[in-house]
Amino acid sequence: MTDSYKTITQKIGEGCYSEKRSKFLAFAHHVTTVDEVKNILADYRKKYYDARHVCYAYMLGPERKNFRANDDGEPSSTAGKPILGQINSNELTDILIVVVRYYGGINLGTSGLIVAYRTAAAEAIANAEIITLQQEETITYEFAYPLMNDVMHIVKDMHPRIVNQHFDNTCSITLAIPKSQLTELRTRLKNLSF
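Here the sequence shown stands for residues 850 to 1043, where the numbers follow the working numbering.
Since the hints were made in silico from the structure, they are not lab data. Even glycine gets a Cβ: it sits at the ideal position worked out from N, Cα and C. Among the clues, some could well be false.
[Unchecked claim] Pairwise CB distance ranges (calculated):
no.	residue 1	residue 2	range
1	Q984	K1039	43 to 51 Å
2	I1011	G953	52 to 60 Å
3	L982	F1016	46 to 54 Å
4	D1006	V883	22 to 30 Å
5	Y898	G954	16 to 24 Å
6	N956	E978	34 to 42 Å
[Claimed, not checked] Straight line, CA to CA, 20 Å or less: simulated EDC-like cross-link-like pairs of lysine to aspartate or glutamate:
no.	residue 1	residue 2
7	K855	D899
8	K895	E863
9	K872	D899
10	K1028	E868
11	K1005	E991
12	K930	E940
13	K1028	E986
14	K930	E972
15	K1039	E986
16	K1005	E1033
17	K930	E991
18	K872	E986
19	K872	D921
20	K855	E940
21	K895	D921
22	K1039	D1006
23	K896	E885
24	K1005	E985
25	K1028	D1006
26	K887	E863
27	K895	D884
28	K914	D852
29	K930	E868
30	K914	D892
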């Protein structure tokens, strides 16, 4: 299991591709929910009301299991799938790529459309800032003050991020740690209580 995943920053990545007078405008957004996706799509449909197609693909969550691709009236699998393919080949998540097409009057054919949507999406990704984030879990541990040194020894040893701490007769500490280390941290803290 890996604790890190790649996404983009809040800065919108933009790309543009032209072929036979058709124009493909691509935009890469950082998103974390389907509602965000819907709102952004509604904005693009309003802003580019005169465009022929507003195609998109998105991927959500560190596990990269929640995704969708939409051709918006283009021939099946010629728009959404190539956009999603760029998201997958860059191993990104929490991302929405919208490609707006202005039709130039000349049909591009299925292979031409696939190339156009793929290229526009790739350019939007290239112009976005890709970052790697850690997938963390938090744990809160309550303990008696005499166990303080033992708890701090584990914190020093495992390097979790201290989110919150309260020291009194009864102490509590909230720690954030990479998901893969959570079980070990939980076990080590639990063993102090015996």
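Here is what the structure says about each hint:
A beta carbon spacing of about 22 Å between Q984 and K1039 contradicts the range 43 to 51 Å that was offered as a hint. For I1011 and G953, the Cβ-Cβ distance of about 57 Å falls inside the hinted range of 52 to 60 Å, so the restraint holds. A beta carbon spacing of about 30 Å between L982 and F1016 contradicts the range 46 to 54 Å that was offered as a hint. Checked against the given bound of 22 to 30 Å, the beta carbons of D1006 and V883, roughly 40 Å apart, lie outside it.
Roughly 19 Å separates the CB atoms of Y898 and G954, a value that falls within the hinted 16 to 24 Å. Range check, N956 to E978: Cβ separation about 36 Å, and the 34 to 42 Å hint holds. A threshold of 20 Å between alpha carbons decides the hint, and for K855 with D899 the separation of about 34 Å lies outside it, so the pair is violated. Annotation: proposed proximity of K895 to E863 holds, straight-line Cα distance about 18 Å (limit 20 Å).
Only pairs whose Cα atoms come within 20 Å are accepted, and K872 paired with D899 is accepted, the gap being roughly 12 Å. A C-alpha spacing of about 46 Å is found between K1028 and E868, which places the hinted pair above 20 Å, so the restraint is violated. Taking the CA atoms of K1005 and E991, the gap is about 17 Å. The hint holds against a cut of 20 Å. Between K930 and E940 the alpha-carbon distance is near 15 Å, which keeps this suggested pair within the 20 Å criterion.
Restraint check: the Cα-Cα separation between K1028 and E986 comes to about 5 Å, which is no more than 20 Å; the hinted pair holds. Proximity of K930 to E972 is assessed by CA-CA distance (about 16 Å); at most 20 Å being required, the pair is judged to hold. Proximity of K1039 to E986 is assessed by CA-CA distance (about 17 Å); at most 20 Å being required, the pair is judged to hold. The suggested pairing of K1005 with E1033 holds, with an alpha-carbon distance near 14 Å, which does not exceed 20 Å.
A threshold of 20 Å between alpha carbons decides the hint, and for K930 with E991 the separation of about 49 Å lies outside it, so the pair is violated. This hinted pair does not check out: K872 and E986 have alpha carbons roughly 44 Å apart, beyond 20 Å. Distance restraint check for K872 and D921: the Cα-Cα separation of roughly 16 Å lies within the 20 Å cut-off, and the hinted pair is therefore satisfied. Restraint check for K855 and E940: the C-alpha separation of about 7 Å stays at or below 20 Å, so the hint holds.
Straight-line distance between C-alpha atoms of K895 and D921 comes to about 15 Å, which keeps the hinted pair within the 20 Å bound. Under the criterion of a C-alpha separation no larger than 20 Å, the hint pairing K1039 with D1006 is consistent with the structure, at around 16 Å. With a CA separation close to 17 Å, the supplied pair K896 and E885 stays within the 20 Å bound. Between the alpha carbons of K1005 and E985 the distance comes to roughly 18 Å, so the proposed pair stays at or under 20 Å and holds.
For the suggested pair K1028 and D1006, the alpha carbons sit about 16 Å apart, so the restraint of at most 20 Å is met. Taking the CA atoms of K887 and E863, the gap is about 19 Å. The hint holds against a cut of 20 Å. At most 20 Å may separate the alpha-carbon atoms for a hinted pair to count; K895 and D884 meet this at roughly 17 Å. The hinted pair formed by K914 and D852 meets the criterion: a straight-line CA distance of about 15 Å does not exceed 20 Å.
Between K930 and E868 the CA atoms are separated by roughly 19 Å; this keeps the pair inside 20 Å, and the hint holds. Restraint check for K914 and D892: the C-alpha separation of about 25 Å exceeds 20 Å, so the hint is violated.
In summary, the structure is inconsistent with hints 1, 3, 4, 7, 10, 17, 18, 30 from the numbered list given earlier, while agreeing with the others.
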